[in-house]
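Chemist: Each chain, written out:
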Amino acid sequence: MHDYGEEMANNDIVMLEGGPLIDVAALEDAVGWTLKPEGLCKDDSCVIVHDRAALMSGDRVDVTAVASLIDRPAAHDATSGLVAIGAPRELRRAAVNDMQAPDFTLPDLDGLPMNFSDHRSKKRLLVAFSSW
Amino acid sequence: MIAVAVDEDVEAIRGAAHGITYPILIDADHVVAELYAISNVPTVLMIDEDDNIVQPNWSAYASDTFRELTGIDSEIQKDHIRAWAKDGTLRMPPEDAKGAVSDLSPEEEQARLFFRIATRLRNNGDADGAERNFVTAIDLAPYDWTVQRAAQPLRGINPFGEAFMELYTAFNEAGRPFHGVTGH
Chain A
0 MHDYGEEMAN NDIVMLEGGP LIDVAALEDA VGWTLKPEGL CKDDSCVIVH
50 DRAALMSGDR VDVTAVASLI DRPAAHDATS GLVAIGAPRE LRRAAVNDMQ
100 APDFTLPDLD GLPMNFSDHR SKKRLLVAFS SW
Chain B
0 MIAVAVDEDV EAIRGAAHGI TYPILIDADH VVAELYAISN VPTVLMIDED
50 DNIVQPNWSA YASDTFRELT GIDSEIQKDH IRAWAKDGTL RMPPEDAKGA
100 VSDLSPEEEQ ARLFFRIATR LRNNGDADGA ERNFVTAIDL APYDWTVQRA
150 AQPLRGINPF GEAFMELYTA FNEAGRPFHG VTGH
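For the protein sequence lines, the chains are A and B, in the order given. The numbers in numbering that gives the first Met the number 0 rise by one with no breaks, and the one at position 94 of the first sequence is 93. The numbers in numbering that gives the first Met the number 0 rise by one with no breaks, and the one at position 138 of the second sequence is 137.
Check each hint, because a few of them may be wrong.
Think about it this way: if two alpha-carbon atoms lie no more than 16 Å apart in a straight line, the pair counts; the simulated EDC-like pairs of lysine to aspartate or glutamate are [what the hints assert, rightly or not]: (1) K121/A with D86/B; (2) K122/A with D49/B; (3) K122/A with D86/B; (4) K97/B with D97/A; (5) K121/A with D50/B; (6) K97/B with D50/B; (7) K122/A with D50/B; (8) K121/A with E48/B; (9) K122/A with E48/B; (10) K121/A with D49/B; (11) K121/A with D47/B.
Keep in mind the hints are simulated off the structure, nothing from the lab.
Turn these sequences into a full structure, and let the hints steer you where they fit.
Modeler: What follows is the structure, given as structure tokens:
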């Protein structure tokens, strides 16, 4: 069984082990945002955190609460401790509301990553299919 | 053409891919199903040179295998695709295409995440954990085929057997909910 999901790094989705509380220092690696005095920040933009206490548990930060603030969905299976964080909702809204195709990176049958945007400047027929 | 398998069975896809020269990508985590609000397969999109979606999520077929169920003549659908490829003729006017796909509900969004957790647990050998999360996902989005049907082979259920007919019946009774457009 090939497990491309484990091997592939996809910037849009996140899977964490060990529950939703992570070190503040690990936040950037997990979701690309850092917690600063001015709020949650990424590049030049910051989201104001109105209730910092609600985001924290001791010196750790609840990554599902962070996901909510940066408009990404999150799910937590308490028994296993796995936390899944979905893609920024703005990417799908761009597709369904503004007809802008979101980019994605997936492995081909040989496990080699391909970006949808590698084929930009061509017309593309995107076909979602399955064996089920 | 870029084909995305909403599937984690790489060998099954490889078997079907013999002789095909266009890219076939494996989307075991259903990333594209999340990004494009795809709820069933086949779902086809036409995307132009500038990343504009000119034909949003469309239930279109490569063959007439399912014609008795769908009433769809795949040749008519393929004619639309050929016409667009040739001279840019659009199947839908832009004003109709815009807004033709509804966004995922919060439950459908959550279902995709629990599905992802379930497949991860399954790959880690935690069958009970996988089943627990598959069931959570299905309860959240019972008529989303990328959730319930995609989970069937991963849960040891024959996706072409009784479970399929049960899902198909429930889906019809629910009004055939689909994130996209159908028909010729």
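Chemist: Work down the list of hints and note, for each, if the structure agrees.
Modeler: Consistency of the hints with the structure:
For a cut-off of 16 Å, the pair hint linking K121/A to D86/B stands: about 13 Å separates their Cα positions. Restraint check for K122/A and D49/B: satisfied, since their Cα atoms lie roughly 8 Å apart, inside the 16 Å limit. With a CA separation close to 11 Å, the supplied pair K122/A and D86/B stays within the 16 Å bound. Straight-line distance between C-alpha atoms of K97/B and D97/A comes to about 7 Å, which keeps the hinted pair within the 16 Å bound.
Of the pairs offered as hints, the one joining K121/A and D50/B holds, with about 9 Å between alpha carbons and a cut-off of 16 Å not exceeded. Between K97/B and D50/B the alpha-carbon distance is near 14 Å, which keeps this suggested pair within the 16 Å criterion. Distance restraint check for K122/A and D50/B: the Cα-Cα separation of roughly 9 Å lies within the 16 Å cut-off, and the hinted pair is therefore satisfied. With a C-alpha separation of about 5 Å, the suggested pair K121/A and E48/B falls inside the 16 Å cut-off, and the hint holds.
As the CA atoms of K122/A and E48/B are separated by approximately 5 Å, the hinted pair is consistent with the 16 Å bound. Proposed proximity of K121/A and D49/B is supported: the alpha carbons are some 8 Å apart, at most 16 Å. Restraint check: the Cα-Cα separation between K121/A and D47/B comes to about 7 Å, which is no more than 16 Å; the hinted pair holds.
Checked against the numbered hints given earlier, this structure breaks none of them.
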